[in-house]
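K.L.:
Make the full structure from the sequences, and use the hints.
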Amino acid sequence: MTKTITDVICPFCGTLCDDIEVIVSDDGKKLLEVNNACVIGTEKFLHSQSSDRITRPRMHQEDGSWKEISYDEAVEYTAQMLAKARKPLLFGWSSTNCEAQSVGNEIAEMSRACCDNTAATCHGTSLIAIQDVGLPSCTLGEIKNRADRIIFWGCNPAHAHPRHMSRYSIFPRGFFTGKGQMSRKLIVVDPRVTDTAKMADMHLQVEQGKDYELLDALRVAFKGEWLPDVVAGIPGEKIREAADVMKSGRFGIIFFGMGVTQTLGKNHNIDAAIAVTKDLNEYTKFSIMPMRGHYNVTGSGEVFAWQFGFPYAVDLTRGFARYNPGDTSTIDLLTRGEIDAMLTIGSDPGAHFPISAVKPIAKMPSVCIDPHLTPTSGVSKLHVPVAFNGVETGGNCYRMDNVPIDCRKVVEPPEGMLTDEEFLIKVRDRLKQLKEAA
Amino acid sequence: MTKSITINLISGRTIQQGVAIEGGKEKANYRTAAGIIELDPTDLKKLGAWKNTNVRVTSPYGSVVVKATETTQGPHPGVAFIPMGPWANSIIDPNTYSTGMPTFKGTPVTLEVAANEPILLGIELVQKLCGVKTA
Amino acid sequence: METVTITMKNAPALYLEADNVSPDAFAGKTAAQIAELSVHEGNTTSTLGKYFEVIGNAGATAADTKIVVKGDVKKVKYLGFKMTAGELVIEGSTDLYVGAWMKGGKILAKGNIEAFAATAMKGGELIVEGNAGNYLGAAYRGDWRGMSGGKILVMGNAGSDIGMYMTGGEIIVNGNIDVHALTHAEGGRLVVKGNAKSKVGGQMIDGEIIIFGSIDTMMPGFKPVSEAELEVDGAKAKFSHFIGDMGERHKKRKGQIVYGNLYKKI
Amino acid sequence: MSEYIIKNGHVFDPVQGIKGDKKDISIKDGKIVDKVSSSAKVIDAKDKTVMAGAVEIHAHIAGPKVNLGRIYRPEDKLFSCTPTHGMERMGGGASIPTTFKTGYEYAKMGYTTAMEAAMPPLFSRHVHEEIRDTPIIDEGAFPVFGNNWFVMEYLKNHEIENTAAYCAWLLRATKGYAIKIVNPGGTEAWGWGLNCLSIHDPVPYFDITPAEIIKGLIEANEYLGLPHSMHIHPNNLGNPGCYETTLDTLKLAEGFKTKNKFGREQVMHLTHTQFHSYKGTNWGDFESGAKEVTDYVNKNKNITIDTGNVTLDETTTMTADGPFEHHLCGLNHLKWANVDVELETAAGVVPYIYSPNISVCAIQWAIGLEIPLMMKDPMRCYITTDHPNAGPFTRYPRVIKWLMSKKARDAQVNAFKHKDKVLSQTSIGSLDREISLYELAQMTRAGPAKSLGLSAMCGGLKPGMDADVAVYNFNPDKPVANPDDIETAFSRCAAVFKSGIQVVSNGEIVSTGNKRTLWVDVHVKDNPQVMRDINEKFVKFYSMTQNNYEALGHHFVPNPYALEVDATQA
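Residue numbers (my numbering), protein chains in the order written: chain L, 1 to 438; chain H, 439 to 573; chain W, 574 to 839; chain R, 840 to 1409.
Please keep in mind that the hints were generated in silico from the structure rather than gathered at the bench.
Think of the CB as a built atom: it goes at the ideal place given N, C-alpha and C, for glycine as much as any other residue.
Among these hints, one or two may not hold up.
No farther apart than 30 angstroms at their CA atoms in a straight line, the calculated lysine-lysine pairs in the BS3-like style are these [as the list claims (entries may be wrong)]:
id, chain 1, residue 1, chain 2, residue 2
1, R, LYS861, R, LYS1245
2, R, LYS1245, L, LYS185
3, W, LYS602, W, LYS648
4, W, LYS825, L, LYS247
5, L, LYS67, H, LYS566
6, H, LYS505, L, LYS198
7, W, LYS770, W, LYS809
8, W, LYS827, R, LYS1258
9, R, LYS861, W, LYS695
10, H, LYS505, L, LYS359
Just some of the chain W residues that point at chain L, by a computed CB distance under 8 angstroms [said to hold, decoys possible]:
id, residue
11, GLU614
12, GLY715
13, PHE785
14, MET792
Across the chosen pairs, the derived CB separations fall in these ranges [to be verified]:
id, chain 1, residue 1, chain 2, residue 2, range
15, W, ALA808, H, SER497, 37 to 45 angstroms
16, H, SER497, W, TRP717, 49 to 57 angstroms
17, W, LYS623, L, GLN433, 27 to 35 angstroms
18, R, GLY1346, W, LEU681, 40 to 48 angstroms
19, R, TRP1031, H, THR510, 33 to 41 angstroms
20, R, ILE1197, L, TYR283, 25 to 33 angstroms
21, H, ALA466, L, ASN35, 23 to 31 angstroms
P.N.:
Next up, the structure:
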């Protein structure tokens, strides 16, 4: 006999699909089948079942080998590291639940650490732009029900958010959009002819690194002012045509991704895209939304914000919260040589940071909390495997549009494994003892 | 003299890379998915490389060997694409312009054929670049 | 004016936050008292005297106090933070936030300085003999109130995002600047004797940019209007005159729409 | 639980009619009692003022738009973040404090209960996470209903029973406290960039008017017999001339009577009345409509109001009135954030500086004070700043100073750049009334508690009630030398008890108490049609499943307190 669990939340990307069905063995120990998820989500659920999984903490030894240790020993190393460090960095938080993030914040506060999430390398610059000019946005259901103009700017949901288009943005038939895809016009802006661009009614193949100029040109076009013949590789006429398509809709949305956040211009690209959105609200209704990557990077920003006041790049070293990306942001902290200990959880900086920001991690006391083997675990002194969040434990997460969804536990973790939250609580309690003794 | 070309490198997600990271970064599949550089056919020609040839990609920030493949999301002459991961991150521009964000997209790199040089596995590559001792 | 000389003797392992190194914090204090002022290395608070040798007593007020910073202060942040009067001379290169939130007085940095110098500056003078970093004379994150007064002179190059949200004052860069200058400015003036890269004056509402060298890519929102002869620093030259950012909102003054002005030497 | 006796204080308790008499207050097992044993801990309140814990009826302190404000305003925290301190976690934020700071600040001022005034139902889990992380104070949250598709579809056909059944379901699904309306119909219209500025403007597509929504929700509220009444932010907020829309809205309550077991007498609560009491046709001839609005409310006993006092600070405006925030951004050009929420509501956020040098701001300040000074029954008018819209709640002591001291008001009027305009456009200069401590206790304790249907529990010091007690360093027997002393006294309590636990001593937090989440659990007759409608909307139009929408595990509401309502016989 098997059991079918419905309304399961997929812990992969910021789309946070919550209609997954998972079939598990009768004893709830084995996950057998995954329905409705995309190919990446399916892999994520199934990988938790792999037989070669690491189930106990491991310390990296002098000779390069790894030695299995107990969770208690791992707690001790972590707490001692944080108690001694003068500027520890607690990084990641995007692939874990808000409950664990909250405990992490207590630890950060006690150890007067810097804490940051993966917005550092995905939508951190979007947050800077939002702080500069705001964000007219909406929930994904609004797009499904109302939107007739969809713009994907520097993002490729066909690859990065595979079910986004079918659930929310292109295909669904909503309340005012009964014809689904037929009622929508799709514009894609990307230097490549991506698989998303191939579906578009209009593709603006922007010259790489010139998004800021193209966005400015659109704003000029809305106002009917003079434009150069070609901007960012796009003829002025085509820009005016795109501007007219945007203005003529009833409800439009710009989705943007790392194509703009990580490209020259960075926060200013988003700033200008938000300005475009604001301008369009003089003619019709328009929204803009970042395509958040990790399934709970948004939640990490939310928890940081309500507890410390800032969504990422938080520096608590002076005993109170400060924030200024460029100074308090992870990549700068690492490459400038500002920190002396690193705890990574729910992310893989080893794979996703520029190598110059990874090298310092290998040289300092470091802990990597991750169910997987990763480049980060490979360069950290201590690797603490934990239960898969969203599969072997539940907990609250926030979708890319900030809608909170409580993840479901579908199977038991391997015998004796801790969750992120359980491990962090042990670290917190031990750190408290160390601080009180000091 | 081996032929080399200069090209503008960007990195980003692909669905294969997404599947591979969830399947295990220690596995060869990850290298197959992300240890590649997607090139426009015209640039492959300029480089004088067949598709699926190993190439060395070098920037002011590092150098890495990956497999050159023909892009499926083109044409994009003058632009090369390495899926996000340790291979791309060995060479991208870490300059944050004091925003916290490295310049993952838009690093000028040179390419040369390196048919006989091995492509390292993901974890192996990072450990090697960081000078981490492995057993 | 009394001079206090502080010389780095025990360099920090990490970075040092020395926001007390300003004429305002030193004023009225003896060398011994100054040595007791707090500094921060990571989460550890200690005294200025632990890192620096302090010689000389301060004047009675900030205006009567001159500070000379010697030794290797490349890893020291916040020199001249919030200063309102007096003088600060930094002999070598230093790190972030030089003269951040300063309101008055004069800072002379003889080496290079890093990012966020003169953040939200209201008055006074900052002279950099070397290069300046990113976000020179820019607003703090999220704030629409950037540099509103005072003068900055950089003899070398300056980084990206200088004068963001500027509303007044003047920045002169003798060398080159990196991307983004006077973004969102609503006043103020930037003179660049060297070259600019791209994204100059984006989303500018008001203010003035004068570039003597080249601009890699002009913003499309800047519309060529005429040629103009300007006198800058006593030298006359001919410039192409652009107005913009045409995509941005603009105020009216005496019934006329006011734009940002960009002059590029012909 | 320990026993306490607060001795010799000047007690002000409208619930028992005590007007400053020297009286001891005894606390045992979390409740006010007649007597305690001799081992009770003694709190000396000699020469001090003793009141029940204050009750906040309307503030934006938890949830998505509040946090959006925090996220996008780092400058609101610049140089003002506070360190870990004793029991206190780190804090920060001037106009949008972090959750920890929110709890501490309320408690230090003697507040023990607060209502989050606008919960977007889809985001209820977020609201509750923040409530959980706001220490000490009991909190409830009002889900917004005024632009909800179910409500509009039912009320188009005047289906009160179905509307009520849906409201009951949503209150349970979201652990909500009351029926809140914000810009009825207008926020749905905002889905298309439009608005409803009068109560008769039709809502696009839904074929209903704001008036029908308002009346229908009053009826549904009274059909259910909820603790609080329908709580409304009317159409046309903040525009010159809006007082007429406000009067039109208030008149909709005529003829309705309450039916509830909670001691509540009103059928409508009008919130942040200051923003709805503007006369004039533009910002040039802008003037106060406080008299017109309060005249009406004074005559109609089935209405309660709160003030929405402008505090003359830099703050952050945030409201489910999406079109208003867009309009405001067009006026001040500061950063604009907006969130439209599928099938339910919207929200906007814009920073705002109430400058004493701008005549409009100064007039708004005056209107906010005129309203409570013109209201005859302090039991029906409550002090708020619509935090953070008209100013941060941390300014309550200053508002209290202005209300209690004509001298303080005059000093402020004289400090305005456009003093003459303030005096000509409002009647603030001729209002001599000074609010007494007893009236203050009515406006901040007994009144709001009664309006919320909590009068059996809080807002008073009668034996049997929760032991929420605030002791202020304010001697009512001594004349006030300097009005600023009032502000100082009400800023930091000498002692505060929350459900019998001492949480503040000498202005410092000494316990994080046993914070509860208040919600209303209404039982209605089975209504298969509404259940089918709900199911259908989730399948077709929501972006999440119904099962996940309803999920509210222990970690969201760890310490619930449900007010039970039986409407099965309705």
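K.L.:
Go through the numbered hints given earlier and state which of them the structure violates, listing their numbers in rising order.
P.N.:
Structure breaks hints 2, 9, 13 and 16.
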